[in-house]
Amino acid sequence: MSPGHHEETLIDWDEALDNIGHVPGADITLERWKRLAEDYRRSPEVAGSLETDLVYGPRPRNRMDIVRTASRSRGLVVFIHGGYWIRLGKEFFTHLAAGMRAAGFDVAIPGYTLAPETRISGITAEIAGAVEFAARHGDGPVMLAGHSAGGHLATRMVCDDGLLPASVRDRLARVVAISGLFDLRPLLLTEMNRILKLDDREAREESPVFHQPASGQPGHEVVFWVGALERPEFLRQTQLIFEAWKPFREVVLVHKRQRDHFSVVEDLADPNSALVRTITGVQEWD
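Each residue of the sequence shown is one higher than the one before, starting from 3 at the first, in our numbering.
Derived from the structure by calculation, the hints contain no laboratory data. Any given hint could be a false lead.
Per label pair, the in silico range of CB-to-CB distance [unchecked claim]:
no.: 1; residue 1: P167; residue 2: R89; range: 43 to 51 Å
no.: 2; residue 1: D162; residue 2: G23; range: 29 to 37 Å
no.: 3; residue 1: P167; residue 2: R74; range: 22 to 30 Å
no.: 4; residue 1: L12; residue 2: L56; range: 23 to 31 Å
With a Cα cut of at most 16 Å, we get these calculated EDC-like pairs of lysine to aspartate or glutamate [said to hold, decoys possible]:
no.: 5; residue 1: K199; residue 2: D141
no.: 6; residue 1: K36; residue 2: E268
no.: 7; residue 1: K248; residue 2: E223
no.: 8; residue 1: K36; residue 2: E93
no.: 9; residue 1: K248; residue 2: D162
Even glycine gets a Cβ: it sits at the ideal position worked out from N, Cα and C.
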């Protein structure tokens with residue numbers, strides 16, 4: 003299938019997957035995030051606690067920021083940003099570490115090479131390297147969280163094809179995929195695929211829904227978290243991966259009321275939010 007084929011389908015997949023076009027003020031939100039992240043990095047609150055541009059791989063965007071907690075660390079959260087694998091970067095998201103940092107966790111935010119400079123499979127490999135690197139630079143249990151394309155990438159880390167070494171897998175306590183994509187085949191029918199360059203084989207191999215989850219220790223669940231005001235395709239895909247994985251691993255599905263694709267992840271900045279409590283282990287899912 004090629005991008006041009008989308009004109010022949012009953013579903014306009016560009017429209018179905020268009021988050022920015024369906025959330026009023028989304029462009030302004032992204033610019034606001036960048037300003038908030040810049041202000042947070044400069045704030046006295048994180049002075050001396052921020053490690054920037056740590057090199058975890060050979061490519062220019064293989065850089066990671068780590069926001070250290072002010073107290074003794076209870077563990078490490080690796081947050082993987084979104085942007086459809088083609089836009090944004092770690093510099094948009096630093097402020098979202100605030101909630102997890104306040105809860106006593108170090109927060110690592112990796113950048114990664116964007117398409118078309120690499121393919122989604124290449125990004126997946128980079129993130130596996132980033133998670134392994136972060137785990138070497140943090141103590142205690144490791145939590146993975148990712149938003150949108152980052153939700154896809156976080157989920158890929160716990161698929162059955164063994165992307166992470168056993169030393170890291172054994173420390174994974176929780177994975178929270180926030181409004182992710184788990185079946186990449188619809189992307190074959192979008193204009194964005196001119197950038198992503200997905201083919202049938204890669205779309206299937208990089209879709210978590212076509213993998214079984216790697217086994218986890220009891221209580222180490224995978225949480226699929228989605229805003230109730232999301233585009234219907236994101237709701238469908240979240241339900242799809244939940245149904246596909248629940249026979250094999252402890253999984254949880256949360257529809258967060260009054261949250262769209264962008265407001266859903268902003269809860270990370272609030273240490274009292276259900277999302278932060280879920281990532282850090284309190285498990286207040288509602």
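Q) For this structure, which hints from the list above don't hold up? A) 1, 4 and 5
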